[in-house]
Amino acid sequence: MENIGALSILLAFCLAVFSVAAAVTGKYARRPFLVVSAERAVYATWALLTAASAILITALIQGDYRLAYVESHSNRAMSGVYKFTAWWGGQEGSLLFWSWILATYSAIVVYTNRRKFREMMPLVVAIMMATLAFFIGMITFVASPFQVLTIGGRGIIDVGDGNGLSPLLQWWTMAIHPPMLYLGYVGFTVPFAFAMASLLTKQRGEAWIHTTRRWAIVTWLFQSTGILLGMGWAYTVLGWGGYWGWDPVENASLMPWITATAFLHSVMMQEKKGMMKVWNMVLVSATFLLSILGTTLTRTGLVSSVHAFAQSPVKPYFTSFILTATALTTMAIVSNLKYLRSEVKLESVVSRESSFLFNNLILLASCFAVLWGTLFPVIMEAITGEKETIDAPYYNRVNVPIALFLIFLTGVGPLIAWRKSSLSSLRRAFLIPAVSGLVVVVGLLAGGIHDIAPLISFGLCAFVLATILSEFWKGSYAIHLKEKLSLPRAAFELTWRNTRRYGGYLVHMGVVIMFIGFTGSAFNLHETRSIGLNQRVRFGRYEVRLLNVNEGENSNYAFNHATLSVFEDGREIDQLEPEIRLYKSSQQQASMVGIRRRLNEDLYVNFSGISPDNTKAIFQMYVFPLVSWIWIGYWVLLSGTIICLIPGKVRLQYARTEVVGIATAPATVES
Amino acid sequence: MPQRRRRLNLKLLAAFVIPIAAIVAQDPTSYLTPNVLRVSGKLACRCGGCRNTVGNCPMLHCEFADPMRQRIYGMQGKGMSDSAIVSAIVREQGIVALAAPPTEGFGPVLTWVMPGIALLIGLWIYSVYVRRNRKDPEPLTEVDRAVIDRFHVQIERELGEAEGDPPAPRAPDKRT
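Taken in order, these protein sequences are the chains called A and B.
0 is the number of the first residue of the first sequence in numbering that gives the first Met the number 0; add one for each residue after it.
0 is the number of the first residue of the second sequence in numbering that gives the first Met the number 0; add one for each residue after it.
Simulated from the structure, these hints should not be mistaken for laboratory data.
We put the CB at the ideal spot given by N, CA and C, even for glycine.
Don't take every hint at face value.
What the hints assert, rightly or not - Straight-line Cα separation of at most 20 Å, DMTMM-like style, residue types lysine to aspartate or glutamate; simulated pairs:
(1) 201/A / 270/A
(2) 314/A / 205/A
(3) 583/A / 542/A
(4) 648/A / 155/B
(5) 115/A / 1/A
(6) 648/A / 385/A
(7) 481/A / 470/A
(8) 337/A / 270/A
(9) 481/A / 103/B
(10) 648/A / 526/A
(11) 337/A / 526/A
(12) 271/A / 157/B
(13) 41/B / 526/A
(14) 386/A / 91/B
(15) 481/A / 155/B
(16) 648/A / 103/B
(17) 386/A / 157/B
(18) 41/B / 118/A
(19) 473/A / 91/B
What the hints assert, rightly or not - Calculated from the model, a selection of chain A residues having no Cβ within reach of chain B, i.e. all distances over 12 Å:
(20) 83
(21) 115
(22) 172
(23) 357
(24) 364
(25) 386
(26) 607
As the list claims (entries may be wrong) - Not the full set, but computed from the structure, chain B residues with beta-carbon under 8 Å of chain A:
(27) 66
(28) 83
(29) 87
(30) 95
(31) 99
(32) 100
(33) 102
(34) 106
(35) 117
(36) 118
(37) 121
(38) 122
(39) 129
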């Protein structure tokens, strides 16, 4: 079967190359049959990659240990789910997975636009298939998932069992986290392809934006979900409660997310005002290129990372691809600058337009700080030969002020009117949110919190939440008065009438709620304690008593399991059961932590080992205040994004307005 | 295969063969003091398995962080100050030992200032964009009352349509 798999990806590569050539030739030589042929080649490529993937998955599940990939990433003891997830658990399989997702997206794009955008579709197909051809080329010629194990290059051998997936990856969120990130990374290819095709064919209007808006939002949601699942996994599995470590590969997933966030904001300016066209091109291109960079960082060993696959032969190809793509994209944008000229001018610096621009600037500064921290050690080592480490302290010091300013802008944006805001309207709009922020700061000061960063952060979070809630209140109350609906019903009606606006507010609310959770980390507690059987130790406001320690094993791993009683004010409130596992095939150790999750704080216990004299068990105990709000914030963000995707009850049109004159006397509106 | 379990009495634990490598070489509570954690928070854990500092690396068996903490504990025992300990380790391993780049030397300083420079460049681009694309203020002109009334009627009509009311009659265009 491995020969059929290898043949499938070879044929898929040939078809992808053909599709690019046929689409471009068909477009410029005006041969429609070639364009149709290119589009059909997209479907055929998808079918071949699906077949290749099915063969690899079958080999993983059935345990065909003649294949090097199966031997390295699967074993008999693993459950069926993790055997399936081994598809993306290693370099070769994950490249196949990447290619399959892009082929699926390409097929969906071709099918849904089969009668639309006939001018630009050939170039959309060419750009997507050129990207796909590169990835299929990698699995065809450089890192094939269908390599067999051989003895001295002669006989094929079956080793009987494999190494298995890393125990840290045998966790339910890891079954979803990589696919979500890949769906995000790969999905950014679609808006990029439409943007470039629109630019190169000099389309009138903003057709590419209307078409790709949902793609961009869905892709952004996948990326957000992937990042949050990764954070949830790190929090639960790594044994120290850290959900973000500023690892280069984590940074690689964050950078396209930041530029995509900037794009989703600035694209509204183009849609509503015909402004920031160059900027949007730059952002959508940067998002695509950063996605490729993220994939490059994970796959080439360019930077040392916990997540990266080992040094591999794909490095020069990825580097060449990213450099070529950057050069071609820059050329396309620079040579078409005239076509990207703004239709409308900025009327005031104190306007929604200007705040969008500023928000984009700050988002990009944050992205640059992350990119700089990730790549600078590599550049530095190449130039001076001296190694430098850039870990969490650097990123926190640089990014925390930027993040606080971004939170502030999240609150300011909705308060400023489009085109121009007067001082009196600003004063009116800012009053309640500013007072709310101040009240929270004063309350916290009175409550004994004197650290400046958490005070600012909580104050700004209150400011933004008050802004969003007052937006909902104003609209809902007007509907409640006019249509005699109950307030919750009026809020529902308001959201349904303009799903984009109010869904967007909910997304902002989700982000702010997450920031409340992030800020809680300023008050973390941590201690390492040795506890004897039935001994009680005090930790923070809790007392912990060790009830027993068990040992055991199953086919996959051996374990030591502790049971701890948790007391508060002398009353038993919970039992925690942390465990240490030793996976037999890989001889790797993993922790299953015990967590008592509450809205105000999590009590988190990691069973670290047994003391040298065998009389005590050692536990790392942590209190993480407000951490649950990060996960709650994600659910709010998810609901807001889904609401944004639902068509509004009222179809909004963004007429390009003009000023016909300014009245010398104030106008009156009759109610 | 069903899971097998055996309860361990920690007092008699030595009598059992522990199936996993759970026993630590030295009880970490003897050297994980707040002073050790403070100094080790400035040093990068370079075990290759995490991106933490020596202070917050969670692996008690970590082959890099754990000996380093014990070493710092020993150095503090000899009366060395925090900066002397960090300097001694940097002299031995280079600036790669630090969790964040130092604030001296061209390269490390560049690491810190570059995001700020990028932000300043961004602000400059923003100000250029605003200057070039800013519209001159509209001249104050007298507008015919009829024009304003026409817009009022239009607003009412569109709001009514937006809220599902039957469309209001269009106002006659009085501009001539």
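Tell me, in ascending order, the numbers of any earlier hints that this structure violates. The structure breaks hints 2, 3, 5, 6, 9, 10, 11, 16, 17, 18, 19, 23, 24, 25, 26, 27, 28, 29 and 33; every other hint is satisfied.
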